[in-house]
Every structure is written in C-alpha cells, then in structure tokens.
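Starting from the known structure of chain A, arrange chain B on it as the hints suggest.
This is what each chain is made of:
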Amino acid sequence: MGKVARARRAWPLPRGAAVALLVLAPATAEAAPAWIDKLELSGYLQSDIRFDIDNSRGPVPGQGYTFSLNRNDFDLKLKFTPHPDVIAVVEPRVRYYGFVSSQTLAVADLWNASDVSPFTLYMDQAYVAVKGVPSKWIDLKAGRMQVTWGSVDVFSPNDNISSRDLSDPLDYTRKVPNEMVEIDAYPTSRLTLNAIWIPIFQPSWLPPSAPLAYSVQKNAQGCLTQFPAPPLTVAQNGQLEKLFTAVNPCALNIPDPSVTTYLPSNKLTDMQVGLRARMKLGDLDVGVNYYYGRFGFPVAYDATVLVSPGAPKTTINYSAEVVYPRMHVVGADFNYSSHWLGDVGVVGDLAVIVPEPVSFALGIYENGSQLLQLSNQNVPGKAFVKGAVGLERTFGSALYVDALFIHGFFDEFNDVYGLHNYVSLTPELHMLRDRVKLRLASILDLTDPSYVFYPQLTWNPLPSVELMIGAFVLGGDLQPKNPLDYASRSKFGQPAAGRDEAISRVTVTW
Amino acid sequence: MRFVFATGLTVGLLIAGLASADPPAPPTPAPPPAAAPAPPQLAPGEILAKMEAGNNASADQTLNERLTVVEVDGTRRIYEFTFQQKGSKRLVEFTSGESKGMSVLVEDRDTVYVYLPGFRKVRRVATSAMNQPIVGSDLSNEDMATTSWAQTYDVSLDKEDDASWWLALTPKRGVVTSYGKIVHRVEKSHFLQQETHWFNAAGTEVKSLVASQPTSTDGVYRFRLAVFSDPRTGHRSELETTSARYNQGLSDDVFTLRQLQWGK
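Going down the list, the protein sequences come from chains A and B. For the first sequence, the numbering used here assigns the number 1 to the initial residue and increments by one for each residue that follows. For the second sequence, the numbering used here assigns the number 1001 to the initial residue and increments by one for each residue that follows.
Since the hints were made in silico from the structure, they are not lab data. Any given hint might turn out to be false.
Listed next, the in silico BS3-like pairs over lysine-lysine satisfying Cα-Cα at most 27 Å (straight line) [to be verified]: (1) B:Lys1086 / A:Lys136; (2) B:Lys1086 / A:Lys38; (3) B:Lys1159 / B:Lys1181; (4) B:Lys1188 / B:Lys1172; (5) B:Lys1086 / B:Lys1050; (6) B:Lys1172 / B:Lys1050; (7) B:Lys1086 / B:Lys1264; (8) A:Lys280 / A:Lys136; (9) B:Lys1188 / B:Lys1050; (10) A:Lys136 / B:Lys1089; (11) A:Lys136 / A:Lys38; (12) B:Lys1089 / B:Lys1264; (13) B:Lys1264 / A:Lys280; (14) B:Lys1159 / B:Lys1188; (15) A:Lys38 / B:Lys1264; (16) B:Lys1121 / A:Lys280; (17) B:Lys1121 / A:Lys136; (18) A:Lys280 / B:Lys1089; (19) A:Lys313 / A:Lys242; (20) A:Lys280 / B:Lys1086; (21) A:Lys313 / A:Lys218; (22) B:Lys1264 / A:Lys79; (23) B:Lys1089 / A:Lys79; (24) A:Lys267 / A:Lys382; (25) A:Lys79 / B:Lys1086; (26) A:Lys79 / A:Lys38; (27) A:Lys79 / A:Lys136; (28) B:Lys1121 / A:Lys79; (29) A:Lys38 / B:Lys1121; (30) A:Lys136 / B:Lys1264; (31) B:Lys1089 / A:Lys38; (32) B:Lys1121 / B:Lys1264.
Isolated chain A, as found in the complex (with noise of 0.2 Å):
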C-alpha cells in the first residue's frame, strides 16, 4: 500500500524548548511511523480522448468528425485508520477538460483558467465507519457514500439507494455519491442486514445528450419538421398535430423547450429508506430488500405551450416540467454456482415497484387564452415488475462469457414509453496472458430493436498500467417510427442516446 509520509516540520524553537525535546524526543521518534501507518493512499489517473465517428446523431446532422472529449481525470483516496474499528474515507477527483468552454472565448478572458482549461472538482467519498458500535456485530457508517445494492450488476432493478452518474454513459457503472447513514448488522456469519437512511435525494447525472429527446427537428431552411411527441395517448398527439398543421412550419419559430426539473423538498417526508436482508444458503447467496423514495430519473409532468403570433413568425415556446416520482420497491436477488450446473454462474434480480401515479397535463394557450387542453396517465400507479436474470461462465483461462435477460432498463419506469426487453452479451477474451483483453459488450432492445455495441481493447503493459482502444457504436432508428407515438421512440437509436464513439484511454493506478 502507499503510505503517506508525515511532513517533517522545520519551525524555530525557543530555547526552553530544547529540554523538553530531549525529554520527548523517544516519543517522538516512536509516534511517526505510528501514524503512517494509519495512513493509506491510492489512486489512479486516466486520460481519456474521444472522436465522433458518426455524423447524423449531434444536435444537427454533419456536426460528426470532430473530438468531442479530451480529459484527465485525477483520483486520490485516502483513508484514516486512527483505531482499528474506526476508518475515514475521503476520495476527491479533479477532472480536467482539455477543451476552452466556448469556442468564442473573449480575449479578455483568456487569463482565466477555468475559461481556458475548465475543470471540476467532484468528492466521490467522504465517510466514517465505526466497527463495533453500539453491538459488537454492528457497524455504522455516516457521510457521502456510493451504495450498489443487488447481484446483477448495472441493471438491478433493486439498485436504487445511489442514484447513477450517466454523465459519461461510456462510465456506465459509476454512481451519483450522496449523503447516507448506513447501519450494517452481521448477527451471525451467514446473514447480513443493512439499514440506509438518506436525507436528501439526488437525481441521477443524465447524459450531455439528454436534452435531444425534447429537441424540435428543423430542416436546412429552418422550418419545423417535427415536435417530440410528448407523453399522451397518439389521438391526443394528433389533436395537437392538427393545431399547427394548418400554420405554414416556415412561419414557426420555435426555440428548443425548456425542461425543468423539481426536484423533492428538503422536508422529513421526503427522505428515503432502504433495509436488505443478504442470506448464504449453500451454493446459493440470496438477498430480500426494500426501500422507499424516489425514482432516479425524471419522469414528464407537465407541460405549457405559449403560441405568440407575430410578423413574420409566430413563436411558440414549449417549458415543461418533470418530477421524481416517489415508489416503494420489494425486491429479491439471488447469486448461484455449483459444479453440477457446469460451473455456470447464475445471477438474478426481481422488483415489484409500486409508483407514484403521475399524470402529465398539456396546455396550449394563445396570448393568455387557452387553445386546447390535454392530460394523460403517464405512470400508473399500479405495481409493476422490473427483473434481470443472467449466466456467466470461464471457458478455459482465455475466454469469459456473461449473457443477460432484461426486462426493463435502469431509466424505465412504466410510463408511456413501457417497460422494454433486453439481452445483453458479453464475451472477454484473455490473450498474452491476460496482458491484452478483447472485450465485446453489447446490449439489443429486443422490443425497438436497436443496439449498443462497445468493443474495448486493453493492454497492461506493466502493472497499474492500461492502455485501451475501443469504440461505442449505437443503432437503431434516429427518429421514431410514430412520430405521434411517445413510446415509439427507439432505444438506443434516437439522438438523445449520444453519438458513436472512438476511445483511447490510459490508466495508471496506484
């Protein structure tokens, strides 16, 4: 492990001082290596760059070709032992973009370094783990954690206490860190109980393409050739179809909506809780859970269209406001291997999620007076089930196979757009000794069908360091096939699923 070295201090003493030195001085000596070694440092730093290799899936087409992605990224955890039951977790990350923030920067302002090389600060843990308090088999901990709960991994539907970070939906696994009181029981050595109270909800990170999925299409002239359909039923998309069909689109203006997110108060109501229970009965690990709170992804609730006629165009701005529904979640998961199965791994979750109901409510209204008014059930509030079940399984030592079933992805929630089905496969192969790996994740939507495909080729030179080449290739149909259908919006096809991607990434971890 890294140690940290205490900073050796260099200050002046007063005379007096030096007999007391002396008579410290053993002490002193014997306390240094003391506190190294409650010290522990790790780390890693990636750089990270990306090209666009598609030129129909940015905001307008022909914007592809270009690098969209230059980072650096500098990660240091540290962790504080000051007792053997007691431990503080800080993990800070400085993420630096190799890109100005504008391309029309001021020349006045390029003395300012978060202009000319911008850069985020994230705390990805700070926490304190106590061991042993108030039962000897009870642990507490308290601060900003990440929290992954279930045995699938990624897509669990019982994986809601950490909302996710898809702020870089190539980093699919990291996790939104939020404030938590964690009570973790181990009453005997086959069961483990958690408890989990958080205060403040935290939505999950959406990815830099999110805001495509509201976003009007315009031709080259810059007349509208389609709205997004938003969450009603096809007749009432017509009804609102037929609203501007009869308006020339080259005599529309109309800026891309704005969407609002509202987010749940600070009140105690508004907190969340989550117990799990995780069992080892033989070959068979199995886990119950429940929790209460909020959906991690923004659900549509409302919207207004403001219609203002005018010379030579009549504008028409679009806001609308999406919520984080409350849900209670009871949920199962199991982890299975035995010889007798072949040795194949097998992994499940199972979720029966009762929403809140949401209804979404349009209304259009011409210089103060309403034009049409139309609503729809966008979730109901009845339960419905989310699952994933896959097999895993080492051929060899040079080949790995991971296959899932899944049934509704980590954003759905039962609204209009449904609970879709998915298989995802992904196989490993281990060359040179596992210094080089091919690896080739890809998911289908068995329900649009569209597809991600993320091949990645990684090399460990040396120890802690590796060097990947990969590319995130997404396909399906760019608009949908409706477009009056909220639901018929492919997958991984539409724009707001980001672009495809080439990647080069080093790592270096220590």
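For chain B alone, coordinates are given in the frame of chain A:
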C-alpha cells in the same frame, strides 16, 4: 454487462506452506532445525497429512507477498499482495498493480467472494472462474483456493529416494478439478513440500513448483521462495514472501464478508 473477474482470487495452501516467518526482522536463511529421526515406514496418506499439517502449522498467518511474473522473453512484472490465513479461510488484498484495491475472501474451495472496486460491491465468484490465472501468472485461482489436497485427491507413493517421497495424487471420484494428476516431492526430514508438478488429463505436465530458501522463525520452518513455471513454454512466476507474522491471534472476524468490504 459484468466486468469479468480476471485476476487472482487468493493464495492458498501452497503459499501457506512456502512462506517464511520472520517478524519483525527480515527473513534470513536459516539452518534447518535438527532433522527428526528417520521416519518409520509411513503410508502415502500419512505423508500427505504430515506435509499439510506442516503447511498449516501456525494457527494464523499474515504474509506480504511479491509475485514476479517472468515472461518467456524475460520481461518481468511485479505485483504485491497481503495474504491472511486462519484455518481454511483466507483473505487476500492486492496492494499494487491494476488489481490494487481488489480483495478476495476464500471460505472454502467452492465459496469465494471478491470485492470489486469498480462496482463498489461484493460478488460471489462463479466456480468456472477457478482455473483462471492470477494476474497472468502461473498460479490459478484453483491452486490458490485449495485448502487440502487430501480432501480432493487420492494419494499413492510414486517413488522414494534417500531424501524425498514422491506422492502421486489423482482426483477423487466425483471431484471436479483442472488437473488429472499432481505429484508432490516431500522432503523426508521435515515433511516439507519441496516440489509439485501438475499434469492435465492427457498426462502432460502443465505446471511445476520448486521451493527454495528455507527459513526458520519463531519455530515455523518454511521456504521463502517458490517458483511456479509452465514446462511447455518456460513462462514462470516467482512468489517471494517479503515479511510474515505468525500466531498473532487473528480474529475469525477477519475472514468475513464484513471485513471484505470494510473501509472500501
């Protein structure tokens, strides 16, 4: 999508039997303790049992290990990890390399848990992953998770000379292993596991172990260096114990899921 569990699981009976014991001074080559009187005629099972008993002589141990992977072209990669053992349970934490932060708990041969820093969670390891090499070395997860050969293999005496017994081990009926046969060379004076040779089902030797640099500290007599190699390719891995502590009174709590995720 899951991240493959591609690196090592744990260090098992081999290391337990090959480590040095030298707190706090560095291990030093030591003359072997006085040899026991010439052993009476022993059954192969008794020899294996004495060898395993010697490997597990201490009630518990904490070893700091340096694993040097030597490629055929001479390129060397060095990894470090900490290994704790009590009875048949082991806890391993990688302290360097790309697997740093990954911890592994071995409860028994088929029950292995790993803490994956990337997912920030503990996962049970599928049994099919047991034959994967550890960080590209010549040690597999199965080698490391083995707690007792006697439980898994039938044993017979292959040959004998003045200094050593050569024990041949074949899998017991119904037991699934990656090897068709294992041969141990057990030196007679102290029942030390001095060499081991692994053969696949076709009878080809796929791995060998040669131990050296015997040291003795606190009454624990062990080899300090073990060289694993693949006779087919010349690839080898050197496992060196850089420091060790024995009989420290490790709590059973160290070898639990609770400890595996503590402070992560």
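Cross-check of the supplied hints:
At roughly 21 Å between alpha-carbon atoms, B:Lys1086 and A:Lys136 fall within 27 Å of each other, so this suggested pair holds. Note on B:Lys1086 and A:Lys38: the hinted pairing holds, with a Cα-Cα distance of about 24 Å set against a maximum of 27 Å. A hinted pair counts as satisfied when its Cα atoms are at most 27 Å apart, and B:Lys1159 with B:Lys1181 qualifies at roughly 15 Å. The hinted pair formed by B:Lys1188 and B:Lys1172 meets the criterion: a straight-line CA distance of about 25 Å does not exceed 27 Å.
A hinted pair counts as satisfied when its Cα atoms are at most 27 Å apart, and B:Lys1086 with B:Lys1050 qualifies at roughly 18 Å. A C-alpha spacing of about 20 Å is found between B:Lys1172 and B:Lys1050, which places the hinted pair at or below 27 Å, so the restraint holds. For the given pair, B:Lys1086 sits about 22 Å from B:Lys1264 by alpha-carbon distance, which is consistent with the 27 Å threshold. Restraint check: the Cα-Cα separation between A:Lys280 and A:Lys136 comes to about 21 Å, which is no more than 27 Å; the hinted pair holds.
Taking the CA atoms of B:Lys1188 and B:Lys1050, the gap is about 10 Å. The hint holds against a cut of 27 Å. Distance check on the hinted pair: A:Lys136 and B:Lys1089 sit about 21 Å apart at the alpha-carbon level, within 27 Å; holds. A hinted pair counts as satisfied when its Cα atoms are at most 27 Å apart, and A:Lys136 with A:Lys38 qualifies at roughly 22 Å. Using a Cα cut-off of 27 Å, the hinted pair B:Lys1089 and B:Lys1264 holds, with the two alpha carbons roughly 20 Å apart.
This hinted pair checks out: B:Lys1264 and A:Lys280 have alpha carbons roughly 22 Å apart, not beyond 27 Å. This hinted pair checks out: B:Lys1159 and B:Lys1188 have alpha carbons roughly 13 Å apart, not beyond 27 Å. A hinted pair counts as satisfied when its Cα atoms are at most 27 Å apart, and A:Lys38 with B:Lys1264 qualifies at roughly 15 Å. For a cut-off of 27 Å, the pair hint linking B:Lys1121 to A:Lys280 stands: about 16 Å separates their Cα positions.
Taking the CA atoms of B:Lys1121 and A:Lys136, the gap is near 23 Å; set against the 27 Å cutoff, the hint holds. Restraint check for A:Lys280 and B:Lys1089: the C-alpha separation of about 16 Å stays at or below 27 Å, so the hint holds. The hinted pair formed by A:Lys313 and A:Lys242 meets the criterion: a straight-line CA distance of about 18 Å does not exceed 27 Å. For the given pair, A:Lys280 sits about 21 Å from B:Lys1086 by alpha-carbon distance, which is consistent with the 27 Å threshold.
About 15 Å separates the Cα atoms of A:Lys313 and A:Lys218, which keeps this hinted pair within 27 Å; it holds. The hinted pair formed by B:Lys1264 and A:Lys79 meets the criterion: a straight-line CA distance of about 9 Å does not exceed 27 Å. The suggested pairing of B:Lys1089 with A:Lys79 holds, with an alpha-carbon distance near 26 Å, which does not exceed 27 Å. About 26 Å separates the Cα atoms of A:Lys267 and A:Lys382, which keeps this hinted pair within 27 Å; it holds.
For the proposed pair A:Lys79 and B:Lys1086, the alpha carbon gap of about 26 Å is at most 27 Å, so the pair holds. A hinted pair counts as satisfied when its Cα atoms are at most 27 Å apart, and A:Lys79 with A:Lys38 qualifies at roughly 8 Å. Proposed proximity of A:Lys79 and A:Lys136 is supported: the alpha carbons are some 22 Å apart, at most 27 Å. Distance restraint check for B:Lys1121 and A:Lys79: the Cα-Cα separation of roughly 18 Å lies within the 27 Å cut-off, and the hinted pair is therefore satisfied.
Restraint check for A:Lys38 and B:Lys1121: satisfied, since their Cα atoms lie roughly 24 Å apart, inside the 27 Å limit. For the proposed pair A:Lys136 and B:Lys1264, the alpha carbon gap of about 20 Å is at most 27 Å, so the pair holds. For the hint pairing B:Lys1089 with A:Lys38, the CA-to-CA distance comes to about 26 Å; that is within 27 Å, so the pair holds. At most 27 Å may separate the alpha-carbon atoms for a hinted pair to count; B:Lys1121 and B:Lys1264 meet this at roughly 9 Å.
Hint check: no violations occur; every hint is consistent with the structure.
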